[in-house]
Amino acid sequence: AQTVTQSQPEMSVQEAETVTLSCTYDTSESDYYLFWYKQPPSRQMILVIRQEAYKQQNATENRFSVNFQKAAKSFSLKISDSQLGDAAMYFCAYRAAGTSYGKLTFGQGTILTVHP
Amino acid sequence: NAGVTQTPKFQVLKTGQSMTLQCAQDMNHEYMSWYRQDPGMGLRLIHYSVGAGITDQGEVPNGYNVSRSTTEDFPLRLLSAAPSQTSVYFCASRTSVSFGEQYFGPGTRLTVT
Numbered sequence: 001a002q003t004v005t006q007s008q009p010e011m012s013v014q015e016a017e018t019v020t021l022s023c024t025y026d027t028s029e030s031d032y033y034l035f036w037y038k039q040p041p042s043r044q045m046i047l048v049i050r051q052e053a054y055k056q057q058n059a060t061e062n063r064f065s066v067n068f069q070k071a072a073k074s075f076s077l078k079i080s081d082s083q084l085g086d087a088a089m090y091f092c093a094y095r096a097a098g099t100s101y102g103k104l105t106f107g108q109g110t111i112l113t114v115h116p
Numbered sequence: 001n002a003g004v005t006q007t008p009k010f011q012v013l014k015t016g017q018s019m020t021l022q023c024a025q026d027m028n029h030e031y032m033s034w035y036r037q038d039p040g041m042g043l044r045l046i047h048y049s050v051g052a053g054i055t056d057q058g059e060v061p062n063g064y065n066v067s068r069s070t071t072e073d074f075p076l077r078l079l080s081a082a083p084s085q086t087s088v089y090f091c092a093s094r095t096s097v098s099f100g101e102q103y104f105g106p107g108t109r110l111t112v113t
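Chains A and B, in that order, give the protein sequences.
With my numbering, letter number 32 in the first sequence gets 32, and the count goes up by one each step, no holes.
With my numbering, letter number 93 in the second sequence gets 93, and the count goes up by one each step, no holes.
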């Protein structure tokens, strides 16, 4: 079974600084997708960024980028120029490709605090 | 386009009561699913559906029932509520396209006393 581990229950960063959230996963599949979701206090789940495993190039979305290391099964999220609005719970998630449904498997989450 | 909607937003039940959490989507998505979120455990899949009339169990299905009579609706039924079912429940939907984005509803906070 696939597992996703986020080893940092809490992280903090100063406004305008850079922070990296860690995620590791375990799978025997060769083709899969990885996601980072943001959950602000409103509880809404918001997709931040996604990565296809067969693409070696790391995904970027404005201030958000990932460091995808397939051999190490690592998928970290870097937030540059942190803003107060980035404060939230962040979840790493995995989904196998090519299956009939491909459920999302989530990590435990990392609470990010942004200090002004 | 309302996306994924859930009702109610909050609910308090007594042990043994039953209720249905409603979920609807207006994006014509084939796939719908229910997750529960508990502290320190992320989100876990309860049940999912790949189309009208087709449902299957996820990781934590016990105590829950689902059906899907239309593409739009995917209700989750708690048959006999237990305190262990106190959680935040999310409904989600996506297309069958392999890399399709999962859209989440706003969640329902359920407390069972």
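Source of the hints: derived by calculation from the structure; they are not laboratory data.
Incorrect hints may appear among the rest.
[What the hints assert, rightly or not] Short derived list, chain A residues pointing at chain B, Cβ under 7 Å: (1) L47; (2) Y54; (3) R63; (4) G107.
Bear in mind that the values here come from a model prediction, so they are computed numbers and not experimental data.
All residues carry an ideal CB built from backbone N, CA and C; glycine is no exception.
>> Let me make sure I understand: some of the numbered hints might not hold for this structure. Which ones are they, in numerical order?
In response: Hints 2 and 3 are the ones this structure does not satisfy, whereas the remaining hints hold.
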